[in-house]
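So you can see what is in the structure, the chains are spelled out below.
Number of protein chains: 2
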Amino acid sequence: MEEAKETSKSALKKAEKQAKMAAAKAEKAAKQAALPVIGGKKTDDIIGITVSKSENFSQWYQEVVLKAELIEYYTEISGFFIMRPNTMHIWNVIKKWFQERIEGLGVEETNFPMFLSQKSLEKEKSHVEGFAPELAWVTKAGDKDLEVPVAVRPTSEAVMYPYYSKWIRSHRDLPLRLNQWNSVVRWEAKQTTPFLRAREFLWQEGHTAHLTEKDAGVEVLQILEFYAGVYEQLLAVPVVRGKKTEEEKFAGGYYTTTVEGYIPSNGRGIQGATSHCLGQNFSKMFDITVEDPAEKGKHIHVWQNSWGLSTRVIGVMVMIHGDDKGLVLPPRIAKIQTILIPVGLTAKMTAEDKEKHLVQFEELYQVIKKAGIRADVDLRDGYTPAWKFNDWELKGVPLRIEFGPKDAAKDVISYARRDTGEKGTIPISELTTKIPELLEIIQQDMYNKAEASFREHRVKITKWDEVVPALDAKNVVIIPHCLFPECEKRIKKLTEGHEEPDTPEGQKAPSMGMKSLCIPFDQPEGLVKGETKCLNPECTRLAEEWCMFGRSY
Amino acid sequence: MEEAKETSKSALKKAEKQAKMAAAKAEKAAKQAALPVIGGKKTDDIIGITVSKSENFSQWYQEVVLKAELIEYYTEISGFFIMRPNTMHIWNVIKKWFQERIEGLGVEETNFPMFLSQKSLEKEKSHVEGFAPELAWVTKAGDKDLEVPVAVRPTSEAVMYPYYSKWIRSHRDLPLRLNQWNSVVRWEAKQTTPFLRAREFLWQEGHTAHLTEKDAGVEVLQILEFYAGVYEQLLAVPVVRGKKTEEEKFAGGYYTTTVEGYIPSNGRGIQGATSHCLGQNFSKMFDITVEDPAEKGKHIHVWQNSWGLSTRVIGVMVMIHGDDKGLVLPPRIAKIQTILIPVGLTAKMTAEDKEKHLVQFEELYQVIKKAGIRADVDLRDGYTPAWKFNDWELKGVPLRIEFGPKDAAKDVISYARRDTGEKGTIPISELTTKIPELLEIIQQDMYNKAEASFREHRVKITKWDEVVPALDAKNVVIIPHCLFPECEKRIKKLTEGHEEPDTPEGQKAPSMGMKSLCIPFDQPEGLVKGETKCLNPECTRLAEEWCMFGRSY
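Line order of the protein sequences matches chains A and W.
Positions 1475 to 2027 (our numbering) are the ones given, in order, by the first sequence.
Positions 1475 to 2027 (our numbering) are the ones given, in order, by the second sequence.
Just chain A, with the same shape it has in the complex:
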């Protein structure tokens, strides 16, 4: 079923897309034909990604995370994923970077049990309601039923705060800032996706207590800026900083700040990481008070924050940078930043010449490693250089270095960038300075490309009729909004159901309605308070702020 009211513009786009896809398929077929048949290796090893990113984004993503060896599906229990060493390297880089910064703020590390009692959980009502449907309950130990079942933590507010009440006795105990690196379980009923929506994921959760709202507020933004840094500086992913609406904030919290990302392939927004001010809601429920240093005898409830960043960040990075050849990793987080491959060792060469060349190759490798570059060599027998190129492109290694007798004769190495495919040479004498420079250029170029794409697809809209076409053209929209939850719910409904095909072959699904992503801190011009109306045509209220809406994960 074709959508009748499709504009001629989007029809044109679709035709272009189909043409590109056909070209991509042809290219892939050609490439596959060129691949050597390797005895004993299974075909899925050498074929690479079987769909193009634009053709079937969802399958493309699943193939990339699997074939680039980030993830293995845990077939024993659905919704769970194994994180392989390539993933753990990225997570550990992020961990180290973030840990250093929160230590600088005086945050200390802790480790609370993974189980939660019903009693603690029920203390904050809207909090328990938010998580109840996803709790995994342990009801048996060995062959005995537990007297009182316990839940696996979906987050640790209710695990930790009874002890904050015990540990915080005086304002001198404030601020109390604790963080833990752990895994949490949320037994999602919805379809799971590696990294983005899994029933268990790794994260850090920080939980802090402060004397005043102001102190808490300062920290909320410091942490949010670190989260933005993880995306922008490590993962080369641009984000928009902002505040969540009442409708979208953390259950039981006071306000939620967020960094929001954007997936160009489907035009969806995606929540990056959130830093919450919990206000005094939890401190009232869990009885966390101190004597007011300004007024003897008066007890005040502490101001609390909680903030978390999860392995979801890795999924966002994969979706944004990957291409039809597979994963593309930003150099700062890549386990292998450059792969060295010997080339041009033809059958005509003498064994002695080959040996001599490989000795020089090994020397170059040692020089590069000693310069602090994370490098590896591919000396596998029985594989052609072309096969190896494909294999390392699939795995996303940022820079490929080729070294053959012709390079040796010119005292250079040849390189190919993973992100752009650009090729060039570097004099051997300059390797230790030029390679790090090139890696930094790749890092910046990747960020700049993604940033331009997000900027281009973040559209300020002041006419309601332009909203859905903008979404269909893979934009997120920034609109004047009253910030009322009921209006937001209505907007979701009003923008639902426009059918947009997932693939040009005709798999279609009703498109999702848009929801609010955040109220950007960086507000555009043009909203006059007390004058500008909320964009929802059914809403009679005035607009409070520009609010970013979009289809989203």
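Each hint should be verified, as a subset may be incorrect.
Copies of the same chain look alike in the list, so a pair counts if it fits in one copy or across any two.
Calculated lysine to aspartate or glutamate pairs in the DMTMM-like style (CA-CA distance at most 20 Å, straight line) [as the list claims (entries may be wrong)]:
hint, residue 1, residue 2
1, Lys1664, Asp1617
2, Lys1897, Asp1885
3, Lys1908, Glu1608
4, Lys1570, Glu1582
5, Lys1569, Glu1582
It is worth saying that the hints were derived from the structure and are not from the lab.
Please arrange chain W on chain A, whose structure you already have, making use of the hints.
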């Protein structure tokens, strides 16, 4: 009830013990009398440890881990403990040290799900039998029953090995070496103890696959040596390296190597950490094979190892080094290595002189910190220096530095060692070299003291009648043994039931029988194979090896 056949020697020891205890109590009472009353602070904050280590070891331990802020009891669910920042610092030092070393061996990091399916679990029969009684079963998600319940991992052999079968296709994929840092759950029915026996604990679990038994065996011992290093080099705890008997080895494994510790206060042995060779048992069950590189077409099952070190190590360290004042930390793992306390600021001094002194105090602190020493200052108002001394002694800080006007006049600082109480001065000009030297001396002295104690209480015995008296005198014993499981079980029975009072006040419990701790790699002289008999008087077999037995955790 006094034990009738008590020897005069042990009666003498008991009298000495009681005298010491009385003295300790008197000292404590005197100390408490000297403590200032701090407004609003609860008494348990300032009283310190209320029992002596020799008087009631079990209560002493529980108070130390709590009051030194290593642990908080998780009262919501019994058998679980909260690890506080002082603990996490120690664990992170261990983690970094060990991680660097296994990375050097080529071990990569991974993260598998925390849940286990019944199906995988049942593949290795003796393995599942070993863990079944302690499995925590998730049977519900939200308010829905799971179709198939899942267990929280007690260890990850059965979680991981189905994927080893998938990932290992050729001998070129070997060795495969993966490790994860995680928590596991073993729902113990026995009494739990912080660090030593908890229903959830942190550990690392390494799982590796090799082509040959020899390769696997080399790694088993490399890892065991790292475990010994964690104890000896970081925690200042001596261990005996050896092999477990058949009776005590890992369920489903081929052989188990171990480092065994010793707790002087009760004379018990304690398993430190284990490195297992699993042989081919699991690879046969999980179908992990490669083609023999030496013989085309022939498939061989890989040789596997698994090895784990847990937060138990911290409990062992606390038990060995702590004293009646509280925790004593080895400098290399202490979060705060030295605490600086201003002293001698009397009421007679002018405000200006005090200010001047504190400025110099702060300068010294900065100099010490810049030298890379983990230092902190205690400038709390309303507490006397004596109170602060007690507080930091309770928390185990290795070195206290006092700085008063008298010290300033002589250009020195005064110090007190936590381990020995020894006092001295250091010229200010030599702080940055002398403090690190002193910390290293403390580290070495702590190790040497513990090592001497273990050596003294590891008694080689060749007469059966001497076994129980040796155990009663808080020794572990090394005896000639046939290594047969049934003999070992019988020895446990034969050495059971000798009542030994836990406390001189008369709380008594039947003493436990001894079990084998390990077959030490370092075998004493004097066992003639084919001649020396197994020490068990009821056993008719010949002795195979010297085996270390003891009452144990």
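Q. So which of those numbered hints doesn't the model satisfy?
A. Hint check: 3 fails alone, others pass.
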